[in-house]
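As they're listed, the protein sequences go chains A and B.
As numbered in this note's numbering, residues 90 to 387 make up the first sequence, in order.
As numbered in this note's numbering, residues 90 to 387 make up the second sequence, in order.
Errors might be hidden in some of the hints.
For chains that are exact copies, the list does not tell them apart, and a pair is met inside one copy or across any two.
[As the list claims (entries may be wrong)] Capping the alpha-carbon separation at 27 Å, the derived lysine-lysine pairs in DSSO-like fashion look like this:
| # | residue 1 | residue 2 |
| --- | --- | --- |
| 1 | K232 | K261 |
| 2 | K338 | K91 |
| 3 | K232 | K338 |
| 4 | K338 | K359 |
| 5 | K261 | K91 |
| 6 | K232 | K359 |
| 7 | K374 | K91 |
| 8 | K374 | K261 |
| 9 | K374 | K338 |
| 10 | K359 | K261 |
| 11 | K91 | K359 |
Derived by calculation from the structure, the hints in this document are not laboratory data.
Number of protein chains: 2
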Amino acid sequence: MKYPDGLSAFPITPANVDGSVDLGALRQVLSPLLDARVDSIGLLGSTGTYMYLSREERCRAIETAADMSGPVPIIAGIGALRTDDAVRLAQDARSAGASAGLLAPVSYTPLTDDEVFEHFSTVARESGLPLCIYDNPGTTHFKFTSGLIGRLSRIERIVAVKSPAPEPAGIKSHHAELRAAVRDGFSLGYSGDWNSVEGLIAGASTWYSVLGGLFPHTCLSMVRAAQRNDADEARRLNATLEPVWSLFKEFSSLRVVYTIAELNHAIHAKPPRPILPLAPSARAKVEAALAGLPSGLR
Amino acid sequence: MKYPDGLSAFPITPANVDGSVDLGALRQVLSPLLDARVDSIGLLGSTGTYMYLSREERCRAIETAADMSGPVPIIAGIGALRTDDAVRLAQDARSAGASAGLLAPVSYTPLTDDEVFEHFSTVARESGLPLCIYDNPGTTHFKFTSGLIGRLSRIERIVAVKSPAPEPAGIKSHHAELRAAVRDGFSLGYSGDWNSVEGLIAGASTWYSVLGGLFPHTCLSMVRAAQRNDADEARRLNATLEPVWSLFKEFSSLRVVYTIAELNHAIHAKPPRPILPLAPSARAKVEAALAGLPSGLR
Numbered sequence: 090m091k092y093p094d095g096l097s098a099f100p101i102t103p104a105n106v107d108g109s110v111d112l113g114a115l116r117q118v119l120s121p122l123l124d125a126r127v128d129s130i131g132l133l134g135s136t137g138t139y140m141y142l143s144r145e146e147r148c149r150a151i152e153t154a155a156d157m158s159g160p161v162p163i164i165a166g167i168g169a170l171r172t173d174d175a176v177r178l179a180q181d182a183r184s185a186g187a188s189a190g191l192l193a194p195v196s197y198t199p200l201t202d203d204e205v206f207e208h209f210s211t212v213a214r215e216s217g218l219p220l221c222i223y224d225n226p227g228t229t230h231f232k233f234t235s236g237l238i239g240r241l242s243r244i245e246r247i248v249a250v251k252s253p254a255p256e257p258a259g260i261k262s263h264h265a266e267l268r269a270a271v272r273d274g275f276s277l278g279y280s281g282d283w284n285s286v287e288g289l290i291a292g293a294s295t296w297y298s299v300l301g302g303l304f305p306h307t308c309l310s311m312v313r314a315a316q317r318n319d320a321d322e323a324r325r326l327n328a329t330l331e332p333v334w335s336l337f338k339e340f341s342s343l344r345v346v347y348t349i350a351e352l353n354h355a356i357h358a359k360p361p362r363p364i365l366p367l368a369p370s371a372r373a374k375v376e377a378a379l380a381g382l383p384s385g386l387r
Numbered sequence: 090m091k092y093p094d095g096l097s098a099f100p101i102t103p104a105n106v107d108g109s110v111d112l113g114a115l116r117q118v119l120s121p122l123l124d125a126r127v128d129s130i131g132l133l134g135s136t137g138t139y140m141y142l143s144r145e146e147r148c149r150a151i152e153t154a155a156d157m158s159g160p161v162p163i164i165a166g167i168g169a170l171r172t173d174d175a176v177r178l179a180q181d182a183r184s185a186g187a188s189a190g191l192l193a194p195v196s197y198t199p200l201t202d203d204e205v206f207e208h209f210s211t212v213a214r215e216s217g218l219p220l221c222i223y224d225n226p227g228t229t230h231f232k233f234t235s236g237l238i239g240r241l242s243r244i245e246r247i248v249a250v251k252s253p254a255p256e257p258a259g260i261k262s263h264h265a266e267l268r269a270a271v272r273d274g275f276s277l278g279y280s281g282d283w284n285s286v287e288g289l290i291a292g293a294s295t296w297y298s299v300l301g302g303l304f305p306h307t308c309l310s311m312v313r314a315a316q317r318n319d320a321d322e323a324r325r326l327n328a329t330l331e332p333v334w335s336l337f338k339e340f341s342s343l344r345v346v347y348t349i350a351e352l353n354h355a356i357h358a359k360p361p362r363p364i365l366p367l368a369p370s371a372r373a374k375v376e377a378a379l380a381g382l383p384s385g386l387r
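Just chain A, with the same shape it has in the complex (with noise of 0.2 Å):
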C-alpha cells in the first residue's frame, strides 16, 4: 500500500447527545471534502473524538464514510486505552475499509517508551492494518522521542507519524531530526494548523488538518504550493488564514470547528459532554472572522 501524503482532511465526527454517529450529518461533512479529491480523509481524529465514541459508532462512521469515499483513502482513529481495544478498533476499521489506522498512545496512567513500543507493535500485528503513529502530546500527555519513533518505523505496518508542528523556527531541524531517525520511505507529516505550512516548505510530506475538513479547498491550495516549491504562495494563504488560527489558539480547534460547521453547513452537532460548545461571546468572535475572510477561502 502507498500511504496517501498530501492533504489529510480531519472532519468532526457529528453525532447525537447519546453518543451515536448521526450518519447523515457525517456524509453532509464528508461530501465537499470528497468533491474537493483531498489526499485523504483523517475519520475519528481528535476533532472526530474518537475517544469519546463507542466501539460500535466507530464501526458505524468508517463504514458510512468508506462507502461514499470512492478512490479517498480514509485513515481511521484507533486509539484505547487497553491495548486489546486498541487491537479491535484496528480490526473493525480494516474490516470496515479504513487504508490505515492511527494510533495514538491514549493513556491513564503514564505509560514508559517500551510500553508504548509494545502496545504499537501488538496492534500492528494483530491488526495486520497500516499505521501511522499519532503523536499527540496536548491530549495523550505522551512524549516522543526521535529515537522511539525510529525504533517504531521499523516494525512493519507502521508506516508513518503525524507530528505536532513546532514553532516555525524550530520546525527545520526537527524534521531533520525525525527523518534521520527512521527507515527510509517512512512518511513524515505534522498536525497543528498554524505551523503546518513550515513542515510542508521543510520537506515534510503530508498535513493532517483540521480547518482541512472545513475548507479543503484553501488547504489543498497550500498543500499543492509547497508540493511544487512555490513557498512564497504556501505562506500567503496561510497568512490569510490567520483569523482561524487565533481562534484555533484561544479556543482550541475542536470547539472552533464545531462552531463554524454549524455556521457554514448548517451541521448542529455538538461535542460530547463534558465538552460545551462555545459561549455566545466567542461564538460571535468566530462569525465575525469567518465574515471578515475573503469569500474564496471559505
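Since chain A is already given, all that's left is putting chain B on it; use the hints.
Coordinates of chain B only, in the frame set by chain A:
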C-alpha cells in the same frame, strides 16, 4: 451520610488479561484491609485501574467488595471520559453498595473549568451518590484551582476532595488555602503517599493511600498518631517507609504495588496492557527493599 475520614486504603483490582476482574483474588486483597479495620476502601482508584475496566467489571468489583465489607464504607472510582458514562457508573456504584464515588475529570480533549464544573454537577445531581473530587493531575492533566474546588464544594452531595500532596514545605499553605475556599464541613484529604503524613499533621482529615491497600496496619498507625496530634510518631513511621517511597518515585506506585502484592500475598495479577509489570532488575529492587523493612511494617 457522615463522610468516612481517616485511612482510605486503595488496593489493586486483580484482573485477567481479558479485562475481567478476578473476584477471588480481589477478596484476597480486601480481606486484610477489612480485618485491619481501615476507615474506608478506595476501590477502583487509579491503582485499581478503573479506567481500564468496563462498566460491567467495575460493577462486579463493587458488588463483591460491598458483600464482604460489613461496616467499612466503600468509596468507588466512577470516572469516565463522557459525562453520561460517569453518571451511569455513579448510579451503578450506588446500587452496588458504594457509600461515595471518587470522580476525576478524566480527559482526552483538555477541559475548561466550566466544563469540569458542569460534569461534576451533572454526576452529583443525576446519580444521588455523595462524591469526592479526585484531583489527580498526573493522570487527568487537569489542574484544579482552589477556587474551582470551592465552587464545587457548594454543590449538593459533593462532600470531599482528594488532593495530591504537595512537597512538605508547601503543604500547610496549600491546606489553609483549600480550607478557606471550601464550605464548612467539607472533607479535605491527600494522596501521594510519601508526603501525605504532612497533610494529616497540617489538619487534613483523610489519607487516600496506595500503600494502605497493602500495609494497612502501619498506615493506620500513622493516621491514628496524626489524629491524636502525635506528629513525631507519625513522622517516625513515615520515615521507616522511606525505602518504599523511593520505589514509588522511581517506578510509579502502581507498578510497584502489583509487584508487592505478588511477593507478599501471592496475587499473580498483572496490570492491564499497555502497562507492563516491572522488569526483573526493578523487581529485584522491590524485593530487596521489602526484605529490609522491619517485619512489623509489612
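Going through the hints against the structure:
1. Taking identical chains as interchangeable, the C-alpha atoms of K232 and K261 lie at most 27 Å apart only when both belong to the same chain, with a minimum of 19 Å there against 33 Å between chains.
2. With identical chains, the CA atoms of K338 and K91 are never at most 27 Å apart, being 34 Å at best within one copy and 45 Å at best between copies.
3. In the homo-oligomer, the alpha carbons of K232 and K338 lie at most 27 Å apart both inside one protomer (21 Å) and across protomers (19 Å), since each shortest distance falls under that limit.
4. Proximity of K338 to K359 under the C-alpha cut-off of 27 Å is restricted to the intra-copy arrangement: shortest distance 20 Å within a copy versus 41 Å between copies.
5. With identical chains, the CA atoms of K261 and K91 are at most 27 Å apart within one copy only, with a shortest distance of 25 Å there and 60 Å across copies.
6. Only between protomers do K232 and K359 lie at most 27 Å apart by alpha-carbon distance; the minimum there is 25 Å, versus 30 Å within a single protomer.
7. For the identical chains of this complex, K374 and K91 are neighbours neither inside a copy (41 Å) nor across copies (47 Å), given an alpha-carbon limit of 27 Å.
8. For the identical chains of this complex, K374 and K261 are neighbours neither inside a copy (33 Å) nor across copies (43 Å), given an alpha-carbon limit of 27 Å.
9. Within a single copy, K374 and K338 get their C-alpha atoms as close as 13 Å, which meets the 27 Å cut-off; across copies the closest is 46 Å, which misses it.
10. In this homomeric assembly, K359 and K261 never come within 27 Å of each other (Cα to Cα): the closest approach is 38 Å inside a single copy and 43 Å across copies.
11. Neither within a single protomer nor between protomers do K91 and K359 lie at most 27 Å apart by alpha-carbon distance, with minima of 35 Å and 39 Å respectively.
Hints 2, 7, 8, 10 and 11, counting from the list given before, are not met by this structure.
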